[in-house]
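Could you put the whole structure together from the sequences, leaning on the hints where they help?
Quick mapping for you: the protein sequence lines, in order, are chains A and B. The end of the first sequence is residue 292 by the numbering used here, with every number in the run present. The end of the second sequence is residue 1387 by the numbering used here, with every number in the run present.
Hints are computed from structural coordinates only; laboratory data are not their basis. Honestly, I wouldn't trust all of these hints.
What the hints assert, rightly or not - In silico DSSO-like links for lysine-lysine, alpha-carbon gap of 27 Å or less:
hint: 1; chain 1: B; residue 1: Lys1205; chain 2: B; residue 2: Lys1263
hint: 2; chain 1: A; residue 1: Lys289; chain 2: B; residue 2: Lys1226
hint: 3; chain 1: B; residue 1: Lys1255; chain 2: B; residue 2: Lys1206
hint: 4; chain 1: B; residue 1: Lys1331; chain 2: B; residue 2: Lys1309
hint: 5; chain 1: B; residue 1: Lys1205; chain 2: B; residue 2: Lys1226
hint: 6; chain 1: A; residue 1: Lys289; chain 2: A; residue 2: Lys57
hint: 7; chain 1: B; residue 1: Lys1263; chain 2: B; residue 2: Lys1251
hint: 8; chain 1: A; residue 1: Lys289; chain 2: B; residue 2: Lys1202
hint: 9; chain 1: A; residue 1: Lys289; chain 2: B; residue 2: Lys1002
hint: 10; chain 1: A; residue 1: Lys52; chain 2: B; residue 2: Lys1226
hint: 11; chain 1: B; residue 1: Lys1005; chain 2: B; residue 2: Lys1187
hint: 12; chain 1: B; residue 1: Lys1202; chain 2: A; residue 2: Lys57
hint: 13; chain 1: B; residue 1: Lys1202; chain 2: B; residue 2: Lys1212
hint: 14; chain 1: A; residue 1: Lys57; chain 2: B; residue 2: Lys1226
hint: 15; chain 1: B; residue 1: Lys1002; chain 2: B; residue 2: Lys1263
hint: 16; chain 1: A; residue 1: Lys195; chain 2: A; residue 2: Lys256
hint: 17; chain 1: B; residue 1: Lys1226; chain 2: B; residue 2: Lys1263
hint: 18; chain 1: B; residue 1: Lys1270; chain 2: B; residue 2: Lys1002
hint: 19; chain 1: B; residue 1: Lys1226; chain 2: B; residue 2: Lys1005
hint: 20; chain 1: A; residue 1: Lys57; chain 2: A; residue 2: Lys269
hint: 21; chain 1: B; residue 1: Lys1005; chain 2: A; residue 2: Lys289
hint: 22; chain 1: B; residue 1: Lys1331; chain 2: B; residue 2: Lys1270
hint: 23; chain 1: B; residue 1: Lys1206; chain 2: A; residue 2: Lys57
hint: 24; chain 1: B; residue 1: Lys1187; chain 2: B; residue 2: Lys1002
hint: 25; chain 1: A; residue 1: Lys256; chain 2: A; residue 2: Lys236
hint: 26; chain 1: B; residue 1: Lys1212; chain 2: B; residue 2: Lys1255
hint: 27; chain 1: B; residue 1: Lys1212; chain 2: A; residue 2: Lys57
hint: 28; chain 1: B; residue 1: Lys1205; chain 2: A; residue 2: Lys57
hint: 29; chain 1: A; residue 1: Lys195; chain 2: A; residue 2: Lys233
hint: 30; chain 1: B; residue 1: Lys1270; chain 2: B; residue 2: Lys1202
Every value quoted in this text rests on a predicted model; they were computed, and no experiment measured them.
Read off the chains here:
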Amino acid sequence: MHEQQTAIAEAPEVRNPVESLLRMDRMPHIWCPGCGIGTTVNCFARALEQSKVDLDKTAIVSGIGCTGRVAGYLNLDSFHTTHGRAIPFATGLKLANPDLKIVVYSGDGDLFAIGGNHFIHAARRNVDMTVICVNNLIYGMTGGQVAPTTPVTAKGTTYPYGSYDPPFNLPFLADSSGAVYVARWTVYHVRHVTKAIKEAILHRGFSFVEIISPCPTLYSRRNRLGDGLDQMKFYKENSEIRNGANTKDVDIDFQKTIIVGKFVERERKTYRQLMNEHLSNVFGEQYTKYEG
Amino acid sequence: MKAEKIAVLTGAHFIDGDHAACEGAIAAGCKFVAGYPITPSTEVVERIALRFPLVGGVFIQMEDEIASSIAIQGAVWAGKKAMTVTSGPGFSLMMEHIGYAAITETPCVFINVQRSGPSTGLPTLPAQADMMQARWGSHGDYEIIAIVPNSPQECFDLTIRAFNLAEEYRVPVLVMMDECVGHMTEKVVIPEADQIDIVERKFTKKPPGEYKMFETNESMVPEMIKVGDGYRMHLTGLTHDERGYPAMSPKVQQKMLRRLVDKILLNEEKIRHIEADGVDDADIVVISYGITSRVVLPAINNAREDGLKVGHIRLLTVWPFPESYIRDLAKRVSAFVVPELNLGQIVHEVERCAAGHAVTRLVPHAGGAVHEPEDIYDAIKGVLEHA
Chain A
1 MHEQQTAIAE APEVRNPVES LLRMDRMPHI WCPGCGIGTT VNCFARALEQ SKVDLDKTAI
61 VSGIGCTGRV AGYLNLDSFH TTHGRAIPFA TGLKLANPDL KIVVYSGDGD LFAIGGNHFI
121 HAARRNVDMT VICVNNLIYG MTGGQVAPTT PVTAKGTTYP YGSYDPPFNL PFLADSSGAV
181 YVARWTVYHV RHVTKAIKEA ILHRGFSFVE IISPCPTLYS RRNRLGDGLD QMKFYKENSE
241 IRNGANTKDV DIDFQKTIIV GKFVERERKT YRQLMNEHLS NVFGEQYTKY EG
Chain B
1001 MKAEKIAVLT GAHFIDGDHA ACEGAIAAGC KFVAGYPITP STEVVERIAL RFPLVGGVFI
1061 QMEDEIASSI AIQGAVWAGK KAMTVTSGPG FSLMMEHIGY AAITETPCVF INVQRSGPST
1121 GLPTLPAQAD MMQARWGSHG DYEIIAIVPN SPQECFDLTI RAFNLAEEYR VPVLVMMDEC
1181 VGHMTEKVVI PEADQIDIVE RKFTKKPPGE YKMFETNESM VPEMIKVGDG YRMHLTGLTH
1241 DERGYPAMSP KVQQKMLRRL VDKILLNEEK IRHIEADGVD DADIVVISYG ITSRVVLPAI
1301 NNAREDGLKV GHIRLLTVWP FPESYIRDLA KRVSAFVVPE LNLGQIVHEV ERCAAGHAVT
1361 RLVPHAGGAV HEPEDIYDAI KGVLEHA
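Structure follows, in structure tokens:
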């Protein structure tokens, strides 16, 4: 009896393998059971480890909403900014210290409704940052209102008879605004998500990863789609991997096939490269570079 | 700490207030400006864009004022001194981020070259109608510092002061110019770099692990860090504890908010910047700020020639309001006359502090021009008759 107790006490404690990247003193997190955001955080943490970037020089910036809470749980220099404004905050951070690796991590409502203008302008400028959008097709934190990503006919509290408000196709928006890396996966595709985030972080310029994720509490329940696990099964059965697909063709319709894959990978000079090259040409040695 | 030589355009210049404010910012060590074009403030950022490549700064024209007012805060946390510049409609758009800077204690400078409103109003013509918005425009309780120059020389001098106060108190500082001061061209003398005092950011010496984001001593102002130094900081616009972590409780809210407010209000006398002329034996005191403080001078002189004992208080810092000063003065004088290019803003503060001890009379102006000195003269002459 005594020996048995000792054995139990000495059993190795099961630790989260990415614990060093989490602020364990902030656990438990606020996300609902079945929510996909935690899965994306796990993928992100593994991608960061695999990419071998200097974690002390990596900053994460979130806006407001369920995904906006990601910054607060990661053991990095982390910013929980205002609603929709993570990207312009990150732009200031990056331009002021070009040595930093910047990741903006936020939701579809934050990045593409209130923050949509900033997204297209940062992509146009090719500011060197990675934008990760957890797209759950709904406003979660405020209780299930439609987002600019909600598929037509899906119900939200503000379109209780089903939405007729045409949604954005996010990869197409990113592609046409100038993003140098564009991929979409679902939280079912954990290995693909991890690989995509790693590639995006290592690809210089404005990179974009969209991750389709269930909101069992507010999207799935209201639309009678079951729980988080049912949504994962749906992603498994209805995702079609089409790397290199024309982003024009990757719209998301209500409970129809989701086209996933790496859609765009190209090179463009970053805003800072353009600035330094141009001003060096104009001023020669007089140009006083801004030192991080 | 003295100004950086490369940043100071030493000499006598003939420039307008917008350009002078730009030079003040550069001399103060500003290395990051994000802005969006808007009359009558645009000349500030145009000159920044011309000058920055030669002094090691970065200017970016953002997609709107909302973006500008948060991009500067990103730059501050990367370790730089930063500012944005705007006018009425853009100032309205920046309000949420003044609140973000207040709660996150992000030192930064906002210049507002005031024009007449509301809405698009009179884009090319002056007003002083954003004075209350400067104080109360963002939601919730907070305190800021607002500075009001009345000449191009002061646009230079007081913009430096704005940057210094921002660092000293970790607070957004608002330089409340107006179209007249912004577009008025006068002699501006820029001293040698070693004659300009600069307040540097107080970075902590504590190592990661021992440092807490919002731990304070008696100064009530926490020490700062910057991104990339290994502190793994967390910053949020939510109510937060000393670690900077969100804490949703009335107790934490009370403690955090009290300090945010007290660090400014309890230092009001230190921050105070006023000029007093002929106040000691005055019956009537004119209280003015910005361009109006120059328009009142002939009115005051004429009234003095008539034998009235008229004093003049000029507010160079409007917020925090010099409450105790005006309260004391109210017990010694009969009346305050407050001309403003609005229909009554700072006059409410004066009246509150006068607390019935002295008559308070507004000389309103809807904006688009400055007062006729006669209107101010008439108000001085009439204030005690109609009391």
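I'd like to know which numbered hints this structure contradicts. Please list them from smallest to largest.
Violated hints: none; all satisfied.
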